[in-house]
Amino acid sequence: YQGSSQLGICGRLLLVWLGNVLLPGCAVPGSCCFSSAGVCAQFRLEVSGGGVQAAGESVQFFCRGSGLSFDDYFVLWYRQALSGHLEWLSYIVSSSYIRYSPVLEDRASVSLDSSQSVSSLSLRALHPHDSAHYFCAVNTGTGNPAEL
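Numbering-wise, the sequence shown is residues -27 to -1, 1 to 121 according to mature numbering (1 follows the signal peptide of the UniProt record, and there is no 0).
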């Protein structure tokens, strides 16, 4: 990512059972440190939750920031399908300013606790196509948060 704004992304894997077949995938780190010119940035994002769920069940992810206050950031949620396709899901600035992608079909909710620098993403009625790496991101810059 280039430009004057900072973008940090960290992800977690969700696999959805389709009958008795587990869709393939690989693990990603649950804790990420972001760097510029090889020097670790002053903040970290850690994503927890996810795992293996059956179709029709629910899942919840948590994004915790350290070294930053979510008061100052857009918190965004993305997923990357096992095919590699990256998809914007949602962003939240405050409880009164939340946007969702139409792909979620009203099956998602996000929340933000700025005092704890924690955001959550919940997905209901999981489908096999929900199998993906789920990412949280923070963006201090301007532009369209639906574009990575």
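In short, the hints are calculated from the structure, not lab data. Every value quoted in this text rests on a predicted model; they were computed, and no experiment measured them. Where hints are given, some of them may not hold.
To be verified - Label-pair ranges, simulated between beta-carbon atoms: (1) 75 <-> 22: 31 to 41 angstroms; (2) 88 <-> 27: 27 to 37 angstroms; (3) 22 <-> 54: 27 to 37 angstroms; (4) 28 <-> 88: 28 to 38 angstroms; (5) 95 <-> 59: 32 to 42 angstroms.
Ideal Cβ positions, reconstructed from N, Cα and C, are used throughout, including at glycine.
Discussion item. If you test the structure against every hint from before, which numbers come out violated?
Written reply: 1, 3 and 5
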